[in-house]
Amino acid sequence: MRSYLQAWQEGQSNILLLDGDSGIGKSRLLRAFLELCRDMRLTVWEGQGHPVAHQTPYYAWKEILRHVTMASDRDGTDPVWAAIHTLLPLLNGILPIQMEENETTSGLTGESRATAVRTVLADLLANAMPRKKGVIISFDDAHWLDSASWALLHRLRQEQQPLLILLTTRTTELAAVQQQELQQLVAQPTTIRLRLRPLSAKDTEYLVEQRLGVTSIPAEVADFVYERTNGHPFFSLEMALALRDNGIVRVDEKSLAVAYDAAQINRVQIPQSLQEVVIGRIQKLSDPLQQTLLIASVMGRSFGLRDLEEIYPFPNHRLLLRSFLDKLIFLDFIQIDANDDTGTPGYAFNHLIVRDVAYDLVEPKMRRNVHAAIAQLLEKRFEPDDIHMANLLAHHWQQAENAGRAVHYLGLAGEVAFANYANSEAVNFLSQALALDAR
Numbered sequence: 003m004r005s006y007l008q009a010w011q012e013g014q015s016n017i018l019l020l021d022g023d024s025g026i027g028k029s030r031l032l033r034a035f036l037e038l039c040r041d042m043r044l045t046v047w048e049g050q051g052h053p054v055a056h057q058t059p060y061y062a063w064k065e066i067l068r069h070v071t072m073a074s075d076r077d078g079t080d081p082v083w084a085a086i087h088t089l090l091p092l093l094n095g096i097l098p099i100q101m102e103e104n105e106t107t108s109g110l111t112g113e114s115r116a117t118a119v120r121t122v123l124a125d126l127l128a129n130a131m132p133r134k135k136g137v138i139i140s141f142d143d144a145h146w147l148d149s150a151s152w153a154l155l156h157r158l159r160q161e162q163q164p165l166l167i168l169l170t171t172r173t174t175e176l177a178a179v180q181q182q183e184l185q186q187l188v189a190q191p192t193t194i195r196l197r198l199r200p201l202s203a204k205d206t207e208y209l210v211e212q213r214l215g216v217t218s219i220p221a222e223v224a225d226f227v228y229e230r231t232n233g234h235p236f237f238s239l240e241m242a243l244a245l246r247d248n249g250i251v252r253v254d255e256k257s258l259a260v261a262y263d264a265a266q267i268n269r270v271q272i273p274q275s276l277q278e279v280v281i282g283r284i285q286k287l288s289d290p291l292q293q294t295l296l297i298a299s300v301m302g303r304s305f306g307l308r309d310l311e312e313i314y315p316f317p318n319h320r321l322l323l324r325s326f327l328d329k330l331i332f333l334d335f336i337q338i339d340a341n342d343d344t345g346t347p348g349y350a351f352n353h354l355i356v357r358d359v360a361y362d363l364v365e366p367k368m369r370r371n372v373h374a375a376i377a378q379l380l381e382k383r384f385e386p387d388d389i390h391m392a393n394l395l396a397h398h399w400q401q402a403e404n405a406g407r408a409v410h411y412l413g414l415a416g417e418v419a420f421a422n423y424a425n426s427e428a429v430n431f432l433s434q435a436l437a438l439d440a441r
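Note that the sequence shown covers residues 3 to 441 in our numbering.
Hint data in this document are derived by calculation from the structure and do not stem from the laboratory. Some hints could be false.
Result set (DSS-like, lysine-lysine): computed pairs, CA atoms no more than 30 Å apart in a straight line [as the list claims (entries may be wrong)]: (1) K367 x K329; (2) K134 x K64; (3) K329 x K286; (4) K204 x K135; (5) K367 x K382; (6) K367 x K286; (7) K64 x K382.
Cβ pair distances, simulated, as ranges [stated by the list, open to error]: (8) D439 x P273: 40 to 46 Å; (9) S202 x A85: 50 to 56 Å; (10) A261 x A128: 57 to 63 Å; (11) V429 x T111: 53 to 59 Å; (12) M42 x Q100: 34 to 40 Å; (13) D387 x A128: 21 to 27 Å; (14) M101 x L198: 39 to 45 Å; (15) M42 x E102: 19 to 25 Å; (16) A340 x L38: 17 to 23 Å; (17) V429 x F384: 31 to 37 Å.
Being a predicted model, the structure only gives us computed values, none of them experimental. Every residue, glycine too, gets a C-beta built ideally from N, C-alpha and C.
Given these sequences and hints, build the entire structure.
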């Protein structure tokens with residue numbers, strides 16, 4: 003990957019596609035590479051696919067666009083920004099802005115409006131790029147990109163040079179439309195596809211040492227982990243933590259060495275699948291920690307403390323939530339994420355696999371109630387042209403088994419998508435609404 007970075011610095015554009023199974027290390031490799039780029043003072047823009055928002059136009063670009071808009075010249079001295087500013091009402095619902103339509107934007111409808119939206123977004127991004135240096139653009143979980151986000155990426159790739167584009171994806175989870183978009187990228191002569199494979203025994207041993215925070219592990223422990231995980235990185239990490247949590251291995255923090263129970267290690271009943279290992283770790287948690295983890299899983303991969311406090315169904319424990327979350331961080335279930343707009347701490351599950359396993363453990367009635375509480379919370383913040391929020395509300399109401407409210411928000415999302423000529427997304431939203439309404 004360093005060689006492609008050097009080629010980009012010399013003016014060559016490339017697309018790096020990191021492909022592999024869930025938990026194989028795509029996101030971790032991407033984060034390490036982007037950290038290296040930032041250390042080199044290079045311009046990095048990070049986007050993110052989302053499992054619920056894959057039908058929300060331009061959602062994958064949301065954080066990039068927010069950053070670019072905040073950093074743009076707003077004093078009127080930049081003629082490009084002045085021209086873009088006139089068209090900003092087109093971005094209501096895409097960006098966290100609410101601007102009155104003007105003479106220019108109010109006359110745009112249908113396909114002409116969709117083209118204008120893509121043009122203003124492309125101009126906004128192009129204007130923010132460092133002159134002659136280019137930019138590095140990454141999208142983690144690109145299998146969840148919406149069609150509008152793909153189209154904008156294609157346009158930038160054609161118009162702006164040099165670009166280094168990095169995508170992580172699970173090709174087995176791509177929908178038909180996304181498969182077409184991906185194939186279009188793969189067909190480009192500048193696309194390099196890197197298929198991530200399981201680790202070797204030696205690399206697995208090193209990974210486990212890093213997770214346990216030690217300089218070495220006994221050969222028997224290394225063999226035990228590798229034989230059961232076949233070098234799958236995330237499975238290896240979870241297996242190491244399961245051995246630690248079950249007392250089979252003990253870490254001496256002073257000597258950074260591992261002691262293990264030789265009599266038990268080959269007799270211990272460790273689950274054979276990754277999901278079973280994660281379930282076992284969750285079930286060893288105390289009731290308050292387990293409840294906190296499961297309820298947070300209903301909120302999604304990432305969540306904020308303030309929102310968790312509002313929807314938490316056990317009032318007596320709300321004041322203890324921060325300490326519960328600190329313990330879950332220590333036990334390697336979650337991690338600190340970006341703060342929200344009010345500065346309240348944000349958190350994220352260490353991996354989507356952990357979140358999904360936790361979610362499946364939530365008792366059905368509790369799951370419905372928490373989804374409903376989240377939906378009621380989000381309704382207080384809803385703006386009529388916010389297609390992502392409408393989609394999110396539809397998701398939570400549907401999971402709460404309130405079909406009427408879900409149909410309402412799917413209909414709103416479809417109307418906004420149709421008004422913005424996002425026809426593929428509009429058809430999907432309205433088809434879901436009709437299917438739910440017919441039940």
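Do the hints match the structure? See the list:
| no. | hint | in the structure |
| --- | --- | --- |
| 1 | K367 x K329 | 26 Å, holds |
| 2 | K134 x K64 | 25 Å, holds |
| 3 | K329 x K286 | 13 Å, holds |
| 4 | K204 x K135 | 39 Å, violated |
| 5 | K367 x K382 | 24 Å, holds |
| 6 | K367 x K286 | 22 Å, holds |
| 7 | K64 x K382 | 21 Å, holds |
| 8 | D439 x P273: 40 to 46 Å | 42 Å, holds |
| 9 | S202 x A85: 50 to 56 Å | 55 Å, holds |
| 10 | A261 x A128: 57 to 63 Å | 58 Å, holds |
| 11 | V429 x T111: 53 to 59 Å | 18 Å, violated |
| 12 | M42 x Q100: 34 to 40 Å | 38 Å, holds |
| 13 | D387 x A128: 21 to 27 Å | 25 Å, holds |
| 14 | M101 x L198: 39 to 45 Å | 43 Å, holds |
| 15 | M42 x E102: 19 to 25 Å | 42 Å, violated |
| 16 | A340 x L38: 17 to 23 Å | 20 Å, holds |
| 17 | V429 x F384: 31 to 37 Å | 23 Å, violated |
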